[in-house]
Structure formats: C-alpha cells, structure tokens
Amino acid sequence: MGLEIKLTVNGNTHTAELEPSTALVDFLRDTLGYKGVKLCCNTGECGACTIIMDGKPVNSCVVLGADAAGADLVTVEGIADGDELHPVQQAFIDTGAVQCGYCTPGFIVSLKALLDRTKSPTAEDVEEAISGNICRCTGYTKIFDAVELAAKRMA
Amino acid sequence: MDYFEPKTVDEALSLLDQHGEQAEVIAGGTDVMVDIKYSDEPGCLVNIKRIPDLNAIRESNGGVHIGPLATIHELEESELVRKRLPLLWSAAHQFASLQIRNTATIGGNICRASPSGETLAPLLVLEAEAEVTFSDGARTEPFSAFFKGPGETSLGSKGLLTGINVPYPADGSHAVYLKHAVRGPMDIAMVGVAVMATANADKSALDDVRIGLGAVAPTPVRAPKTEALVSGKALDAALVKEAGASAASESSPITDQRSSGEYRGWIVDALTRRGLEQCWQALTGKEVA
Ligand SMILES: Cc1cc2nc3c(=O)[nH]c(=O)nc-3n(C[C@H](O)[C@H](O)[C@H](O)COP(=O)(O)OP(=O)(O)OC[C@H]3O[C@@H](n4cnc5c(N)ncnc54)[C@H](O)[C@@H]3O)c2cc1C
Ligand code: FES
Ligand code: FES
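Here the protein sequences come in this chain order: A and B. If you're matching positions, the first sequence starts at 1 in the numbering used here and goes up one per residue. If you're matching positions, the second sequence starts at 1 in the numbering used here and goes up one per residue.
Treat the hints with care, as some may be off.
Claimed, not checked - Subject to a maximum C-alpha distance of 25 angstroms in a straight line, what follows is the list of computed DMTMM-like cross-link-like pairs (lysine to aspartate or glutamate):
no.: 1; chain 1: A; residue 1: K56; chain 2: A; residue 2: D72
no.: 2; chain 1: A; residue 1: K56; chain 2: B; residue 2: D2
no.: 3; chain 1: B; residue 1: K49; chain 2: A; residue 2: E17
no.: 4; chain 1: A; residue 1: K119; chain 2: B; residue 2: D35
no.: 5; chain 1: B; residue 1: K158; chain 2: B; residue 2: E24
no.: 6; chain 1: B; residue 1: K49; chain 2: A; residue 2: D125
no.: 7; chain 1: A; residue 1: K6; chain 2: B; residue 2: D2
no.: 8; chain 1: A; residue 1: K142; chain 2: A; residue 2: D94
no.: 9; chain 1: B; residue 1: K37; chain 2: A; residue 2: D125
no.: 10; chain 1: A; residue 1: K35; chain 2: A; residue 2: E84
no.: 11; chain 1: B; residue 1: K7; chain 2: B; residue 2: E79
no.: 12; chain 1: A; residue 1: K56; chain 2: B; residue 2: D35
no.: 13; chain 1: B; residue 1: K7; chain 2: A; residue 2: E4
no.: 14; chain 1: B; residue 1: K37; chain 2: B; residue 2: E76
no.: 15; chain 1: B; residue 1: K37; chain 2: A; residue 2: E84
no.: 16; chain 1: A; residue 1: K152; chain 2: A; residue 2: D72
no.: 17; chain 1: B; residue 1: K286; chain 2: B; residue 2: D207
no.: 18; chain 1: B; residue 1: K286; chain 2: B; residue 2: D256
no.: 19; chain 1: A; residue 1: K56; chain 2: B; residue 2: E262
no.: 20; chain 1: B; residue 1: K203; chain 2: B; residue 2: E127
no.: 21; chain 1: B; residue 1: K7; chain 2: A; residue 2: E17
no.: 22; chain 1: B; residue 1: K83; chain 2: B; residue 2: D35
no.: 23; chain 1: B; residue 1: K49; chain 2: B; residue 2: E24
no.: 24; chain 1: B; residue 1: K158; chain 2: B; residue 2: E41
no.: 25; chain 1: A; residue 1: K56; chain 2: B; residue 2: E74
no.: 26; chain 1: B; residue 1: K83; chain 2: A; residue 2: D81
These are computed hints drawn from the structure, not numbers from a lab. As the structure is a computational prediction, the values presented were derived from the model and not from experiment.
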C-alpha cells in the first residue's frame with residue numbers, strides 16, 4: 001500500500017509516495033535524493049542521519065517517513081545561503097573538524113540547530129547538542145573549536 | 001502492512017479491536033522503528049501521533065496530567081515538571097540524546113514496559129496513575145499494577161494509554177534519580193534508582209522514604225522492605241550500609257550483554273546508599289554521621 005505525503009525539505013515542496021513502514025532517512029535519500037543525510041547505525045545511536053524537523057533535531061532513521069507529512073525539514077543540503085556556506089560549515093573547514101567526513105552532516109545539522117537556539121552556547125550546551133553524534137576520527141576537540149569559531153563569527 | 005492514522009482515541013481503539021494481535025501502536029517510533037527494521041514487521045501499524053490533545057502537560061487535581069504523546073524533551077522543557085516533579089525531570093534529562101528526546105514519547109517509554117525504561121521507577125515512586133482506555137471504557141490504575149512483565153502491561157493488545165496522572169510530592173520532599181550506564185545518558189540504564197523522602201518536623205529523621213529500582217527485575221519495582229527499614233529513622237553510616245544491602249536483596253537482576261546480575265546487585269546497593277545520603281543532606285543540611 002503506497003501512501004502519498006506532502007512535505008517541505010529545505011524550502012522545496014515535495015509530494016511523493018512511500019511504503020508506510022519506510023524510515024524517514026530512506027525516504028529522504030532514496031526517494032527524494034537528499035544524500036547528504038547519512039545512514040550509519042540505522043538504530044538512532046550515531047546521529048549521522050540527523051535532520052531538523054519542525055525546528056528540532058531528530059534522528060531520521062528512527063522516525064517514520066509518514067510522520068513527515070506536512071512537516072518542514074532541513075537537511076545539510078539546505079543550510080548554506082546560495083554559494084555562501086553556513087558559518088558552522090565554514091568553521092568545520094577552517095578548524096579541520098572533518099576527517100573521513102561521514103559524521104559531518106549530522107554534526108553540522110545538530111550544531112546549526114544549537115546556534116539557532118542559543119547565540120553563545122556554553123561548553124555544556126555544545127556537549128548536550130552533540131551527545132547523540134558519534135565521530136570516530138576527530139576526537140571531538142576540533143569540532144568544539146569549530147562551534148566556538150562559528151558562534152564568534154555569527155555574533 | 002496496513003497503515004492507519006486515527007484522528008480520535010475511539011477510532012484508534014476500534015482499529016485495535018479489529019486487528020487484534022496483528023496491530024502495533026506507534027507513537028514516537030524510537031522503539032517500534034528499530035523493531036520494524038530488525039525484528040518482525042507488524043501486520044498493521046496504528047499511528048496515534050495525529051490524535052490531537054494527547055501531548056498536554058498541565059496542572060490537574062493536585063498534580064500534573066501528562067498526555068502520552070508528550071515527548072521526553074517536552075517534559076524536560078516544562079516549567080511545571082521541572083519545578084513540581086523534579087524527579088521525573090531528572091529522569092527525562094538523563095534520557096538518551098537530544099535527537100531521541102525530541103522523538104521519544106513518555107507513553108512509548110511506559111508502554112514499552114522495559115524494566116530499564118527511564119521514567120518508570122520515578123513514576124512508581126511518585127505513585128502516579130495510568131489512564132488506560134479500551135473500547136468499552138476507561139479506568140485509572142496505579143503503575144504498580146500496570147506493569148506485568150518485560151514488555152507486558154495491563155493494556156494487552158487492545159488498550160491505549162491515554163494519560164498519566166502524577167500527584168505532587170509532599171511539600172519539602174526531596175528526590176533523586178541516579179542512572180548507571182557505561183556511556184552516560186546515551187546508554188540504556190544498567191541500573192536506575194529513584195529515591196524520594198521527607199524529613200520529620202525537627203529534621204532528625206527521614207519520613208515516607210520511597211525507593212524505586214529500574215532494570216533489576218522483570219518490571220520496575222519499589223523496595224518496600226528497605227523503605228520500611230529507613231523510614232522514621234535518622235540516617236547514619238550503619239543504616240545507610242544496611243539499606244544498600246537490603247535494596248540489593250530486594251532486586252532480582254538478570255545477566256545480559258550490558259552487565260552481570262552480580263554487578264547490577266552491587267550497583268543497586270551503591271546507588272541506594274548514594275540516593276539516601278543525598279536526600280538526607282538536602283533535607284537536614286547535615287552529612288551522614
Ligand atoms: C538510541 C536510543 C537510545 C535510547 N535511550 C533510552 C534511554 O536512555 N532510556 C530509556 O528509557 N529508553 C531509551 N530508548 C528507548 C526508547 O527511546 C524509549 O522507550 C521511548 O520512550 C519510546 O517512546 P516512543 O514514543 O518512541 O515509542 P514507540 O516506539 O512509538 O512505542 C513503544 C511501544 O509503546 C507502545 N505504545 C506507544 N504509545 C502507546 C500508547 N499511548 N498506548 C499504548 N501503547 C503505546 C507501542 O506499541 C510500542 O510497543 C532509546 C532508544 C534509542 C533508539
Ligand atoms: S543512522 Fe540514524 S542515528 Fe545512526
Ligand atoms: S570525521 Fe570520520 S567519523 Fe567523524
């Protein structure tokens with residue numbers, strides 16, 4: 001049984017069919033083509049598939065695709081302003097917070113959501129914001145540097 | 001797989017009646033989605049998220065009424081919960097990552113009836129009630145009667161949890177929720193202990209001590225013998241030690257991939273001692289002698 005849903009992703013309206021048991025991550029990647037949303041653990045533990053759904057960061061691998069009907073989603077593809085990267089993206093480059101890069105879209109989305117909530121986050125706020133994002137390469141220090149730099153540039 | 005988005009509780013209940021064991025309710029989906037991927041797909045999915053007004057958190061009859069669709073993060077953000085139910089707030093705050101807290105509902109946590117469910121031991125200690133609704137009517141029952149075993153509740157396959165009523169704790173009470181997990185909040189609790197108490201008038205003894213244990217029995221449980229042991233007494237080092245051992249003996253932990261049963265027993269002992277000491281200090285301003 002196909003289900004037709006209408007939703008907004010990065011400001012674009014989509015109408016598409018999905019199987020009702022489909023996870024949102026698979027719908028975004030395979031049906032709508034938002035491959036910036038990464039699939040890794042597929043059980044809600046690593047944060048690679050993080051997107052912003054109606055203003056809140058969620059793991060799209062444990063959200064039912066059908067729940068996106070009528071929702072407003074933001075993926076990593078949607079946060080730059082034309083050719084100008086979002087300050088969090090630029091700071092990741094400038095501080096070297098990217099190694100293999102697989103975790104990066106999830107971190108960037110979680111941290112964009114953080115900076116949308118608070119202009120000058122404390123170290124504790126940052127820790128909480130990315131407690132659900134795992135990075136096996138960087139050791140996190142550069143990621144903390146990146147948020148600090150991005151927050152400074154956005155101030 | 002059949003899929004339904006009922007718009008009312010009645011509609012959801014008649015779907016459950018119709019589809020029986022085949023049907024699975026889905027709320028936030030953080031447990032159900034993982035099941036769909038890695039265990040069996042249900043014959044039919046009843047998504048209750050579009051039923052309006054089931055996520056309220058409001059004052060009602062000397063307590064807080066919580067709708068089952070309130071997310072863990074909504075509990076954490078609620079001033080009412082933070083101020084009046086700090087024990088539940090603390091469990092919500094130690095619950096998984098922000099992404100999961102934004103999706104997971106309290107109703108899902110309760111109905112999953114995992115002994116390690118973060119909100120369950122606090123709800124037992126707060127002596128909260130479940131509003132359970134079937135197609136032939138609704139009733140309330142204490143959570144001590146609601147949990148039947150791992151994954152089993154008095155809802156069976158045809159009931160819905162439609163509300164959670166939490167009475168305000170006594171004025172001047174203090175409570176703590178202590179979670180032991182390898183990776184902090186991100187991890188499922190190996191052991192969770194909730195302790196709540198009040199002090200007597202001249203602050204020389206603890207009264208109405210309540211202890212809830214998570215992840216160490218087939219359901220979350222209270223530790224009534226330990227509660228009776230400590231209530232009405234001044235807390236000293238010998239009593240703390242006795243209480244820890246007593247709580248451990250009231251638990252019946254299993255060995256699984258997260259920890260051995262023996263280790264869980266030691267942690268129940270340690271967290272019970274720590275919880276009692278913290279309540280004593282907060283209530284009397286004194287260290288445990
Ligand atoms: C990465 C990760 C980390 C986690 N960490 C924790 C943690 O730290 N602590 C913790 O306690 N849990 C944790 N969990 C488990 C899970 O997130 C919680 O149990 C959550 O509260 C479930 O809520 P949900 O809305 O997502 O439930 P769902 O998955 O939608 O449903 C769970 C169960 O409840 C039933 N159900 C839901 N609502 C109702 C209702 N109103 N009436 C009748 N039945 C209903 C469903 O049929 C299903 O059986 C974690 C899960 C993941 C994936
Ligand atoms: S892929 Fe979704 S959290 Fe890991
Ligand atoms: S950069 Fe490789 S996992 Fe984070």
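Hints and how they fare:
1. A:K56 with A:D72: Given that 25 angstroms is the threshold and the Cα spacing comes to 10 angstroms, the pair holds.
2. A:K56 with B:D2: This hinted pair is violated, its Cα atoms lying about 29 angstroms apart.
3. B:K49 with A:E17: Within the cut-off at roughly 20 angstroms; holds.
4. A:K119 with B:D35: Violated - the C-alpha atoms of D35 of chain B and K119 of chain A are around 38 angstroms apart, more than 25 angstroms.
5. B:K158 with B:E24: Holds, because 10 angstroms separates the two Cα atoms, which is no more than 25 angstroms.
6. B:K49 with A:D125: 29 angstroms, violated
7. A:K6 with B:D2: 20 angstroms, holds
8. A:K142 with A:D94: Within the cut-off at roughly 10 angstroms; holds.
9. B:K37 with A:D125: 32 angstroms, violated
10. A:K35 with A:E84: With Cα atoms ~20 angstroms apart, K35 of chain A and E84 of chain A stay inside 25 angstroms; holds.
11. B:K7 with B:E79: Violated: K7 of chain B and E79 of chain B sit about 29 angstroms apart, past 25 angstroms.
12. A:K56 with B:D35: 24 angstroms, holds
13. B:K7 with A:E4: 18 angstroms, holds
14. B:K37 with B:E76: 29 angstroms, violated
15. B:K37 with A:E84: 38 angstroms, violated
16. A:K152 with A:D72: 28 angstroms, violated
17. B:K286 with B:D207: OK: K286 of chain B and D207 of chain B at ~16 angstroms, within 25 angstroms.
18. B:K286 with B:D256: 39 angstroms, violated
19. A:K56 with B:E262: 40 angstroms, violated
20. B:K203 with B:E127: 24 angstroms, holds
21. B:K7 with A:E17: Holds, at roughly 21 angstroms.
22. B:K83 with B:D35: 35 angstroms, violated
23. B:K49 with B:E24: 13 angstroms, holds
24. B:K158 with B:E41: 18 angstroms, holds
25. A:K56 with B:E74: This hinted pair holds, its Cα atoms lying about 11 angstroms apart.
26. B:K83 with A:D81: Violated: K83 of chain B and D81 of chain A sit about 41 angstroms apart, past 25 angstroms.
Checked against the numbered hints above, the structure breaks hints 2, 4, 6, 9, 11, 14, 15, 16, 18, 19, 22, 26 and satisfies the rest.
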